[in-house]
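Engineer: Since chain A is already given, all that's left is putting chain B on it; use the hints.
These protein sequence lines map, in sequence, to chains A and B.
Residues in the first sequence are numbered from 1490 upward in steps of one, following the numbering used here.
Residues in the second sequence are numbered from 2 upward in steps of one, following the numbering used here.
For the record, the hints were derived by calculation from the structure and aren't laboratory data.
In this text, a Cβ means the ideal position worked out from N, Cα and C, and glycines have one as well.
Certain hints may be false.
[Stated by the list, open to error] Pairs of lysine-lysine, DSBU-like flavour, derived with a Cα cap of 35 Å: (1) B:Lys-104 - A:Lys-1713; (2) A:Lys-1713 - B:Lys-181; (3) A:Lys-1688 - A:Lys-1713; (4) A:Lys-1688 - A:Lys-1809; (5) B:Lys-296 - B:Lys-285; (6) B:Lys-104 - B:Lys-181.
[Stated by the list, open to error] Just so you have them, the derived chain A footprint on chain B, three or more residues with Cβ under 8 Å: (7) 25-38; (8) 43-50; (9) 601-609.
[Stated by the list, open to error] Here are a few chain B residues that sit away from chain A, every Cβ distance over 10 Å (derived from the structure): (10) Asp-149; (11) Phe-217; (12) Gly-372; (13) Thr-657.
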Amino acid sequence: MSGFAAPYTASDLHERSRALHRPRVLLANPGWVCVGAALLLSLLGALAIATTEPGYAQRHLVHLAVALLGAACVTVPHFRRLRDLSWPFTILVLGLLLFLLVPSVPEVLVRPRNGARRWINLVVIDFQPSELAKIAYVVVLAGYLRYRSSYRRLRGLLVPLALTFVPVGLILVEPDLGTAMLFLPALFAILVAAGARLKHLVLVAAIGVAAAPTMYPLLRAHQKARIRAMAAQLVGDDSYRRDIGFQGAQARTLIGAGGLLGTGREHAAELIRFNHLPEEHNDMIFAVVCCRWGFAGAALLWALFAAFGAGAMLVAAQAKDPFARLVAVGLVTMIVAQMVVNTGMTLGLLPITGMTLPFVSAGGSSLVATWLMVGLLLNLGLRRPPYMTRESFDFDGGDEA
Amino acid sequence: MPRRASLFSMFHRRLLLLCGAGAVVFGGLTAQLLRLSVLEGAEHRAEAESQLRRTIYLPTWRGRILDRHGRVLAADVPSYDICVPYPVITGAWIDEQALREAKERTGGDWNEMDDEDRAVAIAAERPAFETLTGTLWRLIRTYGDFDDAALLERRDAIRSEVQRLAAHVHDAQRRAWQEKRSDGSLVGARAFRPEPIREQVIAHVLLPRVDDEVAFAFQRLALLREGLVEVRDSTERDRPHMVQTVVLPRAGLPGPMASDQPLRLTVEGVADHLLGTVRREVWKEDIDRRPFTKKDGRIDLGGYRDVDRVGSSGLEAAFEAHLRGTRGMIVEHRATGARRRVAPVPGGDLQLSIDIALQARVQAILSHEYGLTVVQPWHRNQVLSTGWPLNGAAVVMEIATGEILAAVSMPTLATAQHATELRRAIDGADVNRPFAGIYPPGSILKPLTLWAGVESGAHDLDAIVECRGHFHPNQADRLRCWIYRDDFAYATHGPLGAEEAIARSCNIYFYTVGDELGAPRLLSWLRRFGLGARPDVGLARAIVVDGEPAIAGESAGTVDDEARVAALPAVEQRNAALLHAIGQGSLTWTPVQAATTYALLARGGAPVQPVLVVNDPRPPRPRPDPVPMRATLHRTILEGLRRSVEERIGTGHHITFGEGAARSEAPILEVRGVTVSAKTGTAQAPAMMADLDGDGAHEKGEYVTGVDHAWFVGLVGPRGAAPLYVVAVVIEYGGSGGRVSGPVANEIIRALQDEGYLPGGAT
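Just chain B, with the same shape it has in the complex:
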């Protein structure tokens, strides 16, 4: 039957169908074009634009670290590695470049040329590249002290090594591919294609460690043609004062150790805890912190790239941002040859308050070779045997400024390197003890207890307290004075004023003051003196421990929370007050905090902050408030400290050698021309981790108990004048503060004289 239903004939409908199909195809094309040019346009634009420029990054250099006299402690020594890409080494580069150049020169004609014409065109381009590589090899021979044969041999060695590696990797790749194919996870019949291994693409070092001038010659060559040679920054951090030889006198050493022969000692790792280290490796967290290529594709010249160096500990890490510097760059516009240069900005210098010569001497004094820090018979160490090596720390601080002249941690990182893993763990060698080692203060806290008692009004400076050996009249077995024991035939100090109580370090006197104060008030005064607050000299840096943010490098010590203590039952609260009054209990501080509080004391309460970095680039720290201290109290405490070392009754006065008839004694401090006011401390220490059975491992229960940390803190100045420096020494598990740390402090004072800080030195 005839059909006239449709407006169009069948043919016309079919044409419309074809048009429709065409429209669908157009739609598909348009969608893809929109994707490329609009959705991904910026990305592609950047990618295409990047080919127009060639960028060479210029290395910067890290700022130097200087000591207080401008001696360079750490500085970059510029050095470069001359690296030649693998294709240049094999010679394949010449062919690649000639082919590329020939294609570029002939333009569209290339495709219309046959193999012969192409070969001719390529051959015409080769000489230029042969000349370039020729120049490269000549330069390498000249600067690298290679002859022709040796250079060829070196190239062959690299080539055969890389080929060996490649064969190995390609074998593995092929096996993996076959496995994938057999288990069907390979989609499509993709043939095996060996991926070039990294070594076949990268440049290999042919001339390591060349200087500026040589590097410049190669850099010019590198600018002539991309991919010919790379000049890679291999700058090293030089630390010229890390190892020093020190001559120490031995005439003033206690009794049996004294000798007319000075001791020549080589010390390693001088200030290594302070300076810290720089690593050549860039970690993910560095790049996350400040990436070289930002998320939006822009370049941050100060950001981290794979080839950078990063401060990884000590000041190098803590002041990384200041020391690091910003690299420069040369951007060459390939079409015009125009260059834009951004000069590198070197990192800032750090000047320390440390005197590196004094630091080395103090380290030598604390070294085991010198003898004061191994257990001696006259130490009367009741647990550790003679010859046992002791660790410790010493700080020298200028009272007027808080500047730290020396801060030694023993062992140093360098000395610990010789030790076993176990030894390092027991020693806690990574801890920079002056700043991060925390110790109970022991008796060196006593003057502060008096200060708190008098200024708070709780204690009368003129009051007399009678020492009967124990604090509670009816309890002779606890809260005793240190003198009330078997060795001293249960002696007592009798009635005491403040000055003598300090000189004799009478526990009963300070229990009494603590009892009058009460724990909360005592603790809040201790905070005013700076306990429990991180001095923030610049070593502190944020780290992450088990996913939790933490601070490493500097400790605040520990002071109980007043509110918590105030909430304790009366008996416990009273006991806390008594224990804290003599520097025990849960109280700890660092040697630097000890030195700083003694400086505060010497200054009569005028505030002072410890300083390690003289030109600290950080915003200034908030200045602490002055602490009130009446003149009579100031005089009393200083006098007590002076008598402690100058009078026979003082705890810091003398050492006794031998027993019975062979008994002799010698003063702890024997340096001339100076006045020293000091306090000894023998602080109950936590159990010491050890390897008692000597099986090379520390097991559960292997602890040494009953040994004390030995403190000695002295204020020292020219004879009869106000003190200029604080010397704080702590010897871990050394026992008696006076006998063990006292002689160390004595030698440090002598070192201060010899380095010209105090009158009466040998030089």
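So that you can see chain A by itself, here it is in the shape it has in the complex:
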């Protein structure tokens, strides 16, 4: 389609180019749907955490306040200003990721937990650089792709893939397989939205799936064991229940115990305590939601995520800036994919990885980082140029394969 509908006059052109640069804030925009859904999810999280850990619930609310502040900070400046900062920001994040891996860093700063070096101790809050890496990655990738069409060719996909493997590689060695894996759906979603040929993407995905088993031996022992435990319970083999599969088994039991409408707060707390659900306020919070409020609670939670996703998609759909479009798609994919991985592992459909449920799980840096994404999404929604800055992501031959 043609972006400039002729005919136009010189004064039109003038007017339009002025309009293009006029600061303009569109208050009524679907970004608010995301904010609302995120707020409700965060409060639901506080309630869920309070089921067994009221202290953590209070901290969750404090973190939420910090997160809202952070979100406001990234909402106020025009996203173009932020885009200009994307490379310095990315270099900072990469530096932090590398910093985690330096063996001589004192334990005061980087304290391994369960053998993983993921956190930097900032006294008030433990901070995971990988959370920021997600944002940096989306911004950098969107920035790279926004005026290109090279990714319509197979070879053109090499650069985006290479861009992806920098953070993924760094995060994998922490190790944090779960977080690393989130970059792949984001990459694919951005490429799909940007109009890459689907047959190329399918080919790349197929190669990836085919190559995955060869990567298996590279996994750490506990990662392999978790994958085996997941596969075993899916086919009804209970033999891992006592060891590596314990957490998953207890989670499924408690989810099932919630039934349709849940068991209520007191009873859920008892059940969770005496069934010894590990990490119940954190990675396993979805099990708590299901136990306390049952299927209904989970449905509400998923509905909020769906609303969040729909809001972000509308932001992308209405955006007229290619960068904004891709960033919106990338951010929402990161969040929704994380939700899917977390609930999927809790339900026993995916191997257990240490991953929080966005907004809901206790955990400061995760909450703040996720809210930064919400802030960005709102930012994208608030600033919508009246005209397309490029003939955006529409190609002849289109999306047929």
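Structural biologist: Frame of chain A; chain B shown alone:
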């Protein structure tokens, strides 16, 4: 060329595609959640809820079995085993518990702690568990009479034994795994994981057989922390009267056996057939019959679990449901500590009609050591050699109530234990003969034939029948009287009335009565007397033989079907009538049925049922109908039976010893102060299974034939008074009822005197 075909731009279509992919993923998650929470919800709920409670089951105890005087024949002796789980024995338990407690106490912080902090947290929890195990070991030392070194040694012994076993099992597991891997049946690259063996998980007995008080001390400790110690019920069934020493007089024994010296005998397995056994093993059929955990997951406290005891034979099996009891439980709600207690309900007692002292005496009388039940020269057994051991049964029944005072089966289960497998098979040691052994009645049926003939109107009580030695005037070689043979110089009884016919046990008289009755009528009268009907004293229990349901423990005997006999050709029908009239043919009954019919006879037809369990918990049996019996007939039969033992002409009167000049004789019954009316029976027996060549195996054709079962049934009461008891004795393959079973009955009557049931006893 420009494309404007679509409503949406390509970008928007791609967004829709992404939304679609998201919807599919949401769908998958929702499906799994529905599966867990709706489809399997109840199951998961129950599983989760079960963790909130801790349940301790309390043992119950089986009801006692008592004799008629309240003596305890079988009772539980409570006893417990103190068992310590393997991890406690090795000490690993302390670490496990400290780790668990530390995790629980630190909550979510645990994951944020480093190894050092964790070690500190664990160390802080250890002392509590060290104290607990310390208390456990102290208690075990105190009650188990162990010193420190001995206890350590015992723990080490268990540990090294279990490790040895585990190494062995794990080797086998590893080999199996390698085999599977090499043949490719192992899916995925699953590494070898040794499964902990059972012995590494379960508790091991450190203090066996402790009493209530000690068990209670350990039980309190067990409540403090799960997995520290188990108190396991090891209650045993005590049967204090199973072995008894009996002193038997020998003064009244026949001729050469008589002695002034009483014989002191120790008898084993007194009433063991009756009481039966209890097994510690629970079988699948027990659990199928009444499972502890029902299909819907609910608990039936009376149901069977692996650790239960089950009555497996005799009364223990037949009254299992009554004796068993219901266990109790303590359910502790872990969050609140609240406890709910369901008290155990002990099983019900069974009181038997048996007098255990009399039972022991009767068993001693039937024992081979006493001598009456091994072949003696004066038995004149024509096939078995002197000294051959004989099996048999004896029943003592009270006429007024049908209560069985003694019911002895020889061999007993206990005596059979010493015998070889072959001997046990030949002896049929498992058969509780008084109730389940079936024998042709022989001549002891004759009074019943008369009863049937007279009351049916077929036979005139006053009729005289002439015995010419054989029934058919022209056929001297068949249907003969027992006296019409070589030994007795082909004697005959001549003309006989009913009374004398009974006393002399004349076959010809009763052939005549049977002929008058006809087989169908005779059979239907025999049924009225109780033949062919299981008395159902409570020993019968349903079993499965080759997939077919059957009844074990009690037999109904066999009586031909009247309709079948009525359909036979006239000649066969007539022969059946003749044979049945003298207690032969296809007719069989048990000693208890014999005793019961004689009680019925003594009561003039007033119905009576045999009773073994006085407080029978089952619904009452249908009472049999009275059988008509005119007074003259009653008097005639009793008089005939009395003369049978009191007059020289009677078959139960005397035994002859020796031949020619050395010939002497002695009365069969010589007890004083009582009146006995009795009938002897010498019943044609089926061939006897044997090991004739002594090679230790019974082969085809190794049977002894031509020996008879020896019956003696007597009604006994104080001198000149109505009879009070029936004594029925059958000695298998003993030969003559009078010579072989008569002296046994005589000693049983003496035992009744000595135990105070009849006047004139020694005590």
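Engineer: With reference to the structure, classify each hint as holding or not holding.
Structural biologist: The hints, checked one at a time:
1. B:Lys-104 - A:Lys-1713: holds (25 Å)
2. A:Lys-1713 - B:Lys-181: holds (20 Å)
3. A:Lys-1688 - A:Lys-1713: holds (31 Å)
4. A:Lys-1688 - A:Lys-1809: holds (27 Å)
5. B:Lys-296 - B:Lys-285: Status holds; Cα separation ~15 Å.
6. B:Lys-104 - B:Lys-181: Outside the cut-off at roughly 38 Å; violated.
7. 25-38: holds (count 10)
8. 43-50: As far as the region 43-50 of chain B goes, the hint holds, because 7 residues have Cβ atoms under 8 Å from chain A.
9. 601-609: violated (count 0)
10. Asp-149: Its Cβ never comes within 10 Å of chain A, the nearest being 34 Å, so this holds.
11. Phe-217: holds (27 Å)
12. Gly-372: holds (68 Å)
13. Thr-657: The assertion about Thr-657 of chain B holds, with a minimum of 82 Å to chain A.
Against the hints set out earlier in the document, violations occur for numbers 6, 9.
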